[in-house]
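Protein chains in written order, with the working numbering: chain A, 1 to 507; chain B, 1 to 507.
Just so you know, these hints were derived from the structure itself, not from any lab.
Treat the hints with care, since some could be wrong.
Because identical chains cannot be distinguished in the list, a pair is counted as satisfied if it fits within a single copy or across any two copies.
[As the list claims (entries may be wrong)] Calculated pairs, DSS-like style, for lysine-lysine (alpha carbon to alpha carbon, straight line, at most 25 Å):
id, residue 1, residue 2
1, K431, K94
2, K455, K344
3, K219, K344
4, K94, K149
5, K149, K221
6, K73, K378
7, K245, K454
8, K93, K288
9, K491, K297
10, K245, K93
11, K93, K297
12, K288, K94
13, K491, K455
14, K93, K431
Number of protein chains: 2
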Amino acid sequence: MEFRVKKVDLEIGENSIIMNREDAVERGLNAGDRVRLFLGPRARTVIVHLSSTFVSRGEIGIFASSMEEMGLKPGDTVRIAHAERPASIDVIKKKMRGEKLGREEIFELVRDIVDDNLTDVELTAYVVSVQTMGMDMDEIAWLTEAMVKTGDTLDFEGEIFDVHSIGGVPGNKYALIAVPTAAAAGLRIPKTSSRAISSAAGTADVMEVLARVDLSLEKIKEIVETVGATLAWGGAVNLAPADDKIIRVEYPLGIDPRPQLLASVMAKKKAMGANVVVIDIPMGEEAKVENYAEARKLARDFIELGERLGMMVDVAITYGGQPVGRAIGPALEAKEALMALEGKPVSSSLIEKSTAIAGILLELGGKARRGEGKAVAKEILRSGRSREKFLEIIEAQGSRGIESSEEVPVGKYHEDVTSMEDGYVGRLSNKALVRIARIAGSPRDKGAGIWLNKKKGDRVEKGDVLFTIYSSSKERLEMALRAARRLMPHKIEGMILERIPSYHEEG
Amino acid sequence: MEFRVKKVDLEIGENSIIMNREDAVERGLNAGDRVRLFLGPRARTVIVHLSSTFVSRGEIGIFASSMEEMGLKPGDTVRIAHAERPASIDVIKKKMRGEKLGREEIFELVRDIVDDNLTDVELTAYVVSVQTMGMDMDEIAWLTEAMVKTGDTLDFEGEIFDVHSIGGVPGNKYALIAVPTAAAAGLRIPKTSSRAISSAAGTADVMEVLARVDLSLEKIKEIVETVGATLAWGGAVNLAPADDKIIRVEYPLGIDPRPQLLASVMAKKKAMGANVVVIDIPMGEEAKVENYAEARKLARDFIELGERLGMMVDVAITYGGQPVGRAIGPALEAKEALMALEGKPVSSSLIEKSTAIAGILLELGGKARRGEGKAVAKEILRSGRSREKFLEIIEAQGSRGIESSEEVPVGKYHEDVTSMEDGYVGRLSNKALVRIARIAGSPRDKGAGIWLNKKKGDRVEKGDVLFTIYSSSKERLEMALRAARRLMPHKIEGMILERIPSYHEEG
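Only chain A is shown next, with the shape it has when bound in the complex (with noise of 0.2 Å):
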């Protein structure tokens, strides 16, 4: 069946056309049916959405969102053929069934997940599989193999480091001050990492306010061997594109299943050709890991697959019951990291879990002996060697002209937030600021978010401010502060019953 293009401006789905409604029942298809779609040499799977009026006979609809990444133009003739079931559907169901994958039938499932072959509900079905059933170390190294291979590497020689948090906690800009320090000791990182999805500030989205992040892995490689580090922008290279597919189910239900995870995050390490890597567990209350038991699994979990894949892994526990630093939202936190790097006084929260990561990777690439690297860190830190090399990182991806925590530009509008009572900061909610800071503007609104005053165990008496909220818009200024009222993040309590210490660290 030879069919005329049509462009269709309508945000769907990636992998649907649309068909006239008499064409589809002369052929005998369904909407919902899935149909291979010819382009060329090439072929893909599409699912068929009806119209009769929408397409006329013999035309078919096709997204513009896709139009341009299927090569096609208006007018152009393609071709559809009934489209066998993938075979991958049989994988899934065998997970379902809560047996062992192997290998092979991993590898066809990725591929199909890459390639679009997969509707939603199939794809949520193999993550809710894996969510339930769980999965075994081979099958979790063959899904990383499977994740790097479906997209594309870069090669390093020698010794590549990286480091990576499994996020959960807000405010988390430590890399902005760790990575420039091991740079700045002679280490190679080809750091990447992503926008937010559910939190307030990606890594990305904080770098992005100072400076491009948008970088090819051209450009990723020139820069770590010129410059030693890049803090870039995951999305904007294809490493283990997977991911970003998967993710897509895993937002709206709010799961990360375990092995997906392990295998996501030591996919893009290995896909970046880092071969020693430190992974950041903040764990607490309101994070992704709630104890001990449950976060020292999962430090072997990373560190057996990185055996596996021939990786050499070292994970932090750091402390994730309230936020790192003071600072929320993208231009907030480059700020906070700006001014950690120039030697301002900031929380010492922040201080302490970047020096101590980048005191890691030190130790771990042989530029400081065991146990000093956290001191070695510090010194790097305060000699401002730090500072100068994140302005050549940001130099070198391409400046937005900001030098100093001074020029950041942050929300036009600010309203600070009081308390009610006197007493001690007994709890404070990370997700209700990262509620607040997201109905204020972010990640979109750069210059949204928060800046914390008084953070857990602190004194507050009647009349403090405990945080000010930022945007750029007063409208949403005025929605989050109702918010702040309503989710009140400070739990305020008469008197400290426990001190809980702000920074864990276990190497």
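Given chain A's structure and the hints, the job is docking chain B onto it.
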């Protein structure tokens, strides 16, 4: 936010709207986000799609298929607001963790399914969680109750009977014989059945060849009170409507989680007011249930669930390893059922199964002594009273004017498939037969299908007709023939290794 309504002729999702991209960005909405759509006093949750050209600013696109159902006209004004994440997503996540759900939680979830508050991704997560983590009998009973309560119901005085086959075996037209036989003895049976989803013909498709099946609840009640029984289409009445929504994601995955199967079947029977129910579990190779252990477990669950719901349930485990009778496809099956009712020679498997199930109904309804039901049913069938009652049912539902098996119009084109060797039919593939019948056009093309000349255990000589394919389209017939040669549903073996009885029964 208020918007003008625009009609969009596209079958995408009933619970979707199209927003102008700039309108959405201004309001912080992304493609895939969930919003509440206020239609006068009612509100419903919909998913946002984006377009720059399809709808102007201030306009909102509503799909044609849901326009009427939402009670909207083009040009109407609707208001939208950010939607809260439905609480039942947390219920689904609880099931993902393998925890037992509460009565209220299950009700909330079913309510959200019926109200279209869940996306396909969320619905899939529910179905896969039930498939992998299971449910105990408390949960299944609560699920059944919730499915009944969220739909329409029918009330009768006294004993109401029903029969239901869990499906999976082609040619299963027994209800067209068993139901009028039981009704002829004075039992009341408001039977509803479904159309084919993945099979060649549902009972509703078969019955529709002879009579209207889209009856209202009032009409069903009226016919049952006067004639004694219906053979109606369940889709025309709002019985346990959660089931149809759930099937939408089960079907592409080819799964049918047992707890959901139990609840869906029993909820529909309960909603129709039935209190005495016979469940048919076809068992055998390529049927839904493959062995006795599985069939007995499912039978016990049906009986226990019935007890909890105040319904008496009896289960027949029947042979499902090959088609029931010889006909597959709506018109051919209607023809074969009429032949059986007319006393013409038909496959004994059809007579045995139909009268065995009618016999159980007769025994449960006090119309035959224990152990004598089948003989009584055979006598009613032989006497012509079953046929008479069946014609009364057809008349009451709205006859198509077909009164005998000779008058049933079958596919204009037909072609024989012959044996290439001598021997015996060792295996007969249900799946291959259904595939061929569907390619020929079943169930949409009512005249399309297969008439089997040879079944398991039959002696075959080279050149003998194995089966005949029917279709209303010459092109489809050709395609079906090619599929038949490729799939070869009959496996001809040199000698009979084991004679498999064509029918099993268990009370």
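We went through each hint and held it up to the structure:
1. In this homomeric assembly, K431 and K94 come within 25 Å of each other (Cα to Cα) only across copies, at 20 Å, whereas the closest approach inside a single copy is 36 Å.
2. Taking CA atoms no more than 25 Å apart as the test, K455 paired with K344 passes inside one copy only; the shortest distance there is 19 Å, against 87 Å between copies.
3. Taking the shortest Cα distances, K219 and K344 never come within 25 Å of each other, neither inside one copy (32 Å) nor across copies (81 Å).
4. Taking the shortest alpha-carbon separations for K94 and K149, only the intra-copy value of 23 Å comes in at or below 25 Å, while the best inter-copy value is 35 Å.
5. In this assembly of identical chains, K149 and K221 lie within 25 Å of each other by CA distance solely inside one copy; the values are 19 Å within and 62 Å between copies.
6. In this assembly of identical chains, the alpha carbons of K73 and K378 never lie at most 25 Å apart, being 56 Å within a copy and 67 Å across copies at closest.
7. For the homomeric pair K245 and K454, neither the shortest alpha-carbon distance inside one copy (39 Å) nor that between copies (49 Å) is at most 25 Å.
8. Taking identical chains as interchangeable, the C-alpha atoms of K93 and K288 lie at most 25 Å apart only when they sit on different chains, with a minimum of 15 Å there against 28 Å within one chain.
9. For the identical chains of this complex, K491 and K297 are neighbours neither inside a copy (31 Å) nor across copies (53 Å), given an alpha-carbon limit of 25 Å.
10. In this homomeric assembly, K245 and K93 come within 25 Å of each other (Cα to Cα) both inside a single copy, at 19 Å, and across copies, at 21 Å.
11. When the C-alpha separation of K93 and K297 is checked against a cutoff of 25 Å, the pair qualifies only between copies, where the shortest distance is 22 Å, while the shortest distance within a copy is 27 Å.
12. Taking the shortest Cα distances, K288 and K94 sit within 25 Å of each other only across copies (17 Å), while inside one copy they are farther apart (28 Å).
13. With identical chains, the CA atoms of K491 and K455 are at most 25 Å apart within one copy only, with a shortest distance of 10 Å there and 75 Å across copies.
14. Taking the closest pair of Cα atoms, K93 and K431 come within 25 Å of each other only across two copies (18 Å); inside a single copy the shortest separation is 35 Å, beyond that limit.
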